[in-house]
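Trainee: Since the structure of chain A is already known, use the hints to place chain B on it.
There are 2 protein chains.
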Amino acid sequence: MHKRKKFILSEKEIPHQWYNVAAEMKNKPQPYINATTKEPIEAKDFYPLFSKEVSRQEVNQTDVWIDIPEPVREEYKVYRPSPLVRAYGLEKALDTPAHIYFKNESVSPVGSHKLNSALPQAYYNKIEGATNITTETGAGQWGAALAYATNVFDLELAVYMVRVSYEQKPYRRSMMQTWGAQVIASPSMSTKTGRKIITENPQYQGSLGTAISEAIELAIQTPNCKYALGSVLNHVSLHQTIIGLEAEKQMEMAEEYPDIVIGCFGGGSNFSGITFPFIRYNINGTKNTRFIAAEPSSCPKLTRGKFRYDYGDQAGFTPLIPMYTLGSQFTPSNIHAGGLRYHGAGSIVSQLMKDGYIEATDINQIDSFKAGVLFAQTEGIIPAPESNHAIAATIHEALKAKEEGTKKTILFNLSGHGLVDMASYDKYLSGDLVNYTLTEETIAKSRDLG
Amino acid sequence: MHKRKKFILSEKEIPHQWYNVAAEMKNKPQPYINATTKEPIEAKDFYPLFSKEVSRQEVNQTDVWIDIPEPVREEYKVYRPSPLVRAYGLEKALDTPAHIYFKNESVSPVGSHKLNSALPQAYYNKIEGATNITTETGAGQWGAALAYATNVFDLELAVYMVRVSYEQKPYRRSMMQTWGAQVIASPSMSTKTGRKIITENPQYQGSLGTAISEAIELAIQTPNCKYALGSVLNHVSLHQTIIGLEAEKQMEMAEEYPDIVIGCFGGGSNFSGITFPFIRYNINGTKNTRFIAAEPSSCPKLTRGKFRYDYGDQAGFTPLIPMYTLGSQFTPSNIHAGGLRYHGAGSIVSQLMKDGYIEATDINQIDSFKAGVLFAQTEGIIPAPESNHAIAATIHEALKAKEEGTKKTILFNLSGHGLVDMASYDKYLSGDLVNYTLTEETIAKSRDLG
Chain A
1 MHKRKKFILS EKEIPHQWYN VAAEMKNKPQ PYINATTKEP IEAKDFYPLF SKEVSRQEVN
61 QTDVWIDIPE PVREEYKVYR PSPLVRAYGL EKALDTPAHI YFKNESVSPV GSHKLNSALP
121 QAYYNKIEGA TNITTETGAG QWGAALAYAT NVFDLELAVY MVRVSYEQKP YRRSMMQTWG
181 AQVIASPSMS TKTGRKIITE NPQYQGSLGT AISEAIELAI QTPNCKYALG SVLNHVSLHQ
241 TIIGLEAEKQ MEMAEEYPDI VIGCFGGGSN FSGITFPFIR YNINGTKNTR FIAAEPSSCP
301 KLTRGKFRYD YGDQAGFTPL IPMYTLGSQF TPSNIHAGGL RYHGAGSIVS QLMKDGYIEA
361 TDINQIDSFK AGVLFAQTEG IIPAPESNHA IAATIHEALK AKEEGTKKTI LFNLSGHGLV
421 DMASYDKYLS GDLVNYTLTE ETIAKSRDLG
Chain B
1 MHKRKKFILS EKEIPHQWYN VAAEMKNKPQ PYINATTKEP IEAKDFYPLF SKEVSRQEVN
61 QTDVWIDIPE PVREEYKVYR PSPLVRAYGL EKALDTPAHI YFKNESVSPV GSHKLNSALP
121 QAYYNKIEGA TNITTETGAG QWGAALAYAT NVFDLELAVY MVRVSYEQKP YRRSMMQTWG
181 AQVIASPSMS TKTGRKIITE NPQYQGSLGT AISEAIELAI QTPNCKYALG SVLNHVSLHQ
241 TIIGLEAEKQ MEMAEEYPDI VIGCFGGGSN FSGITFPFIR YNINGTKNTR FIAAEPSSCP
301 KLTRGKFRYD YGDQAGFTPL IPMYTLGSQF TPSNIHAGGL RYHGAGSIVS QLMKDGYIEA
361 TDINQIDSFK AGVLFAQTEG IIPAPESNHA IAATIHEALK AKEEGTKKTI LFNLSGHGLV
421 DMASYDKYLS GDLVNYTLTE ETIAKSRDLG
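Listed in order, the protein sequences are those of chains A and B.
Note that my numbering numbers the first sequence so that position 186 is 186, with each residue one more than the last.
Note that my numbering numbers the second sequence so that position 384 is 384, with each residue one more than the last.
Hints were generated in silico from the structure; no laboratory data involved.
Take the hints with a grain of salt, since some may be wrong.
Calculated lysine-lysine pairs in the DSBU-like style (CA-CA distance at most 30 Å, straight line) [stated by the list, open to error]:
1. B:3 x A:249
2. A:3 x B:52
3. B:306 x A:3
4. B:3 x A:407
5. B:126 x A:5
6. B:52 x B:77
7. A:6 x B:249
8. A:77 x B:52
9. B:370 x A:77
10. B:77 x A:249
11. A:6 x B:370
12. A:126 x B:370
If you only want the chain B side, here are some residues facing chain A, beta carbon under 10 Å, derived [to be verified]:
13. 11
14. 75
15. 79
16. 110
17. 151
18. 168
19. 304
20. 316
21. 317
22. 381
23. 417
24. 420
All C-beta atoms in this analysis are idealised placements derived from N, C-alpha and C, irrespective of residue type, glycine included.
Same shape as in the complex, but just chain A (with noise of 0.2 Å):
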């Protein structure tokens, strides 16, 4: 039993502009390159793939504020404005001098935040003629917010989702198929990336790499076909910072402003969305706040990997991207929190991160169960396994400001509720869940090469 507060904005206040981090950085992210040419990547280089529109956004470093079309900002209210929550529960069950914040992405109809960009990308085809996209999906989060916004655009989608997950977790294919898309195993005979690799070994279970490079396949050899990607890329970020301009107008309700922000990292884009916002202040020097990457400690792109040029997949199809990177041939343990699977960090983040703006925190998958199910027990609301990662390192945070008897403001984002992820609650609750350790010879593998 504890007081309980949410920060609710009206449809109104819906922000009607994302902000593009990118246009007020010191220091630019330096260019995407071409492998073969060594030339920096212009936006037409994304044209055969992606939506003009989104292909600009993806280079664009000078406009501060890019308009959402209102057809966009119109299906944003299907779930926005998303709540903003003081965890009462979570800080007393801490008895934390910290006041603790989360902006609860879990509202939306497929659970997670993810398709705050899924819906532009859609539409910004739509509207440039496309009738087809592709894409890939790992556990199935991002496919799932993609086959929701295609459905409402009016699109056919075609989803490449990973062997293993497509057996195993038969939920979220269901729901990309209720909401219309097509959901083929991957690897599948409908490509020749496809049907390669099931000649030469007929029980692989798949990986995202192959799943990408399927994708990308269909999507060019398909007429009015463009791919779409749901982390990682430049646009992605943009469209996830209405998290964090909703959370800016929250925080001032609550009349209180975040001293440390929070959010789990995969490829970035729910990091981006809640923190890039607040960026902004340090960057003009008005503030001086605390902005925390949480990852999987099986995946330390950012505690442990290495600022260079590398691959955004493992087929190496992708520009040459700078960024914190644990090597695009790295191969993350099995983690239930399959978004956070990525070997490396978009490119804004990593220059961020390379210019002191960030901070990153590693957290090993018991840690961040235990953090989920304390949070499920004094706030309600199940997790995703991605934002128990969040949740964690927020709690780290307010135990450290009790030990310092210090009164922090803490922000974090819950990027998903975890209701489609029970089975490996299940795990971690019966005793089955494990570590995974790397040693630096293992990272160093992958890490150093290129």
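Mentor: Relative to chain A, chain B alone:
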């Protein structure tokens, strides 16, 4: 791409009182009767099982308004007020002149309206000195809600979960466990009833009737232990009126008043919740709204049942209740809408039905899922299989309005989301779902007994 509109109340506007329709009914519901003594049941007869406060609420036919305790109202703030949504997408797909609104109870952290009664039931037990609660659950919606609520109010909970669901629906079991409840597959060795059944038939897959018997037996034999029920009873309907009371304010914001109010119907909890606050204006003669209970064709207590005294459970533990019933020995088909598989209707709904305030319609399983998928594709939210029945009835009325060329305002209750029930959508989408038909002979066998 549709117009989108939600009507959002502030936390301050969460009602301070529940609405007790029994106090305003011209023909009061007949009393419950002790099957042995034939005497009417009084509040004190419930004291061994329930808290004194809900025992009094159960038989209260005089107080129109009952205060919501402040600590319960505080906990409601975690997810209430719930949004009222204008279903522009569904209207457009149906090309109907009807205005369709739905109250979105799926936003609760347990995913359904069940929490509205679980919270006060747990609270009253806590302040009256109970330490333990027992309950039963079929598909797990009620068990999950009570697990959440007993965690909030620091009570131990034992949930008897029908064995077949325990094994086939591990997600809801894990939800209950995450909130700290003990979940026991029923029949179990922890009760005399369970031991007897297991000894006689070790393969028995369990039934709600058996689970109820086990939960009641454990409650009666354990010091400071009470039992809790999630539907059918008057105090549950009372707590659920918060749905309709909020909806009334939100319809005012929309500047409309419903011509038709629709809810799916199992034992009556969500249906009562959305309708009772509006029925009062029919009772006092100022409005003439239609109220439609949407029940499954395979469990048609209101459309094909008989109004008579019957037991609330299969084993005959409960008092005799004046109800529309298919007979307490009726065994419903194994439809996916587990929450609607109940043989009877609560006493207040039954009396209102008898007096012509309420109508009922029956929906077959395939039509219910067809409606649910259309809703998911037009409004975004994947509904619970139970809620699909309300949607199907709404679609029927909206198409009738189109045929007649009349503008109707329809309000229905979206009692929950279907994210933990995706296996049922999978079956529907792959064409494996079946309808169940009931012959008059089958029904008559149990309906006309007793």
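Trainee: Next step is simple, just say for each hint if it's right about the structure.
Mentor: Cross-check of the supplied hints:
Restraint check for residue 3 of chain B and residue 249 of chain A: satisfied, since their Cα atoms lie roughly 25 Å apart, inside the 30 Å limit. Distance restraint check for residue 3 of chain A and residue 52 of chain B: the Cα-Cα separation of roughly 26 Å lies within the 30 Å cut-off, and the hinted pair is therefore satisfied. The hinted pair formed by residue 306 of chain B and residue 3 of chain A fails the criterion: a straight-line CA distance of about 47 Å is larger than 30 Å. Restraint check for residue 3 of chain B and residue 407 of chain A: not satisfied, since their Cα atoms lie roughly 44 Å apart, outside the 30 Å limit.
In summary, the hint linking residue 126 of chain B to residue 5 of chain A is supported, as the alpha carbons are separated by about 23 Å, within the 30 Å threshold. Taking the CA atoms of residue 52 of chain B and residue 77 of chain B, the gap is about 25 Å. The hint holds against a cut of 30 Å. Of the pairs offered as hints, the one joining residue 6 of chain A and residue 249 of chain B holds, with about 20 Å between alpha carbons and a cut-off of 30 Å not exceeded. With a C-alpha separation of about 44 Å, the suggested pairing of residue 77 of chain A with residue 52 of chain B is violated against the 30 Å cut-off.
Restraint check for residue 370 of chain B and residue 77 of chain A: the C-alpha separation of about 25 Å stays at or below 30 Å, so the hint holds. For the hint linking residue 77 of chain B to residue 249 of chain A, the alpha-carbon distance of about 20 Å falls within 30 Å, and the restraint holds. Straight-line distance between C-alpha atoms of residue 6 of chain A and residue 370 of chain B comes to about 36 Å, which puts the hinted pair past the 30 Å bound. Taking the CA atoms of residue 126 of chain A and residue 370 of chain B, the gap is about 27 Å. The hint holds against a cut of 30 Å.
With a least beta-carbon distance of about 7 Å to chain A, the hint placing residue 11 of chain B at the interface is held under the 10 Å criterion. With its C-beta approaching chain A no nearer than about 6 Å, residue 75 of chain B sits inside the 10 Å limit, and its interface hint holds. Interface hint at residue 79 of chain B: satisfied, since its Cβ lies 8 Å from the closest Cβ of chain A, which is below the 10 Å cut-off. Hint on residue 110 of chain B holds. Least Cβ distance to chain A is approximately 8 Å, under the 10 Å limit.
Of the supplied interface hints, the one on residue 151 of chain B holds, with its beta-carbon coming within about 6 Å of a beta-carbon of chain A, less than 10 Å. The beta carbon of residue 168 of chain B is not positioned within 10 Å of any beta carbon in chain A (closest approach about 13 Å), and the interface hint is therefore violated. The beta carbon of residue 304 of chain B comes no nearer than 31 Å to any beta carbon in chain A, farther than 10 Å, and the hint placing it at the interface is violated. Against a cut-off of 10 Å between C-beta atoms, the interface hint on residue 316 of chain B is violated, since the closest Cβ of chain A lies about 36 Å away.
Taking 10 Å as the C-beta contact cut-off toward chain A, the hint placing residue 317 of chain B at the interface is violated, the least distance being around 31 Å. Contact between residue 381 of chain B and chain A, as hinted, is supported at the beta carbon level, the nearest pair being about 5 Å apart and thus within 10 Å. Against a cut-off of 10 Å between C-beta atoms, the interface hint on residue 417 of chain B holds, since the closest Cβ of chain A lies about 8 Å away. A least Cβ separation of about 6 Å between residue 420 of chain B and chain A falls short of the 10 Å threshold, and the interface hint therefore holds.
The structure shown violates the earlier hints numbered 3, 4, 8, 11, 18, 19, 20, 21.
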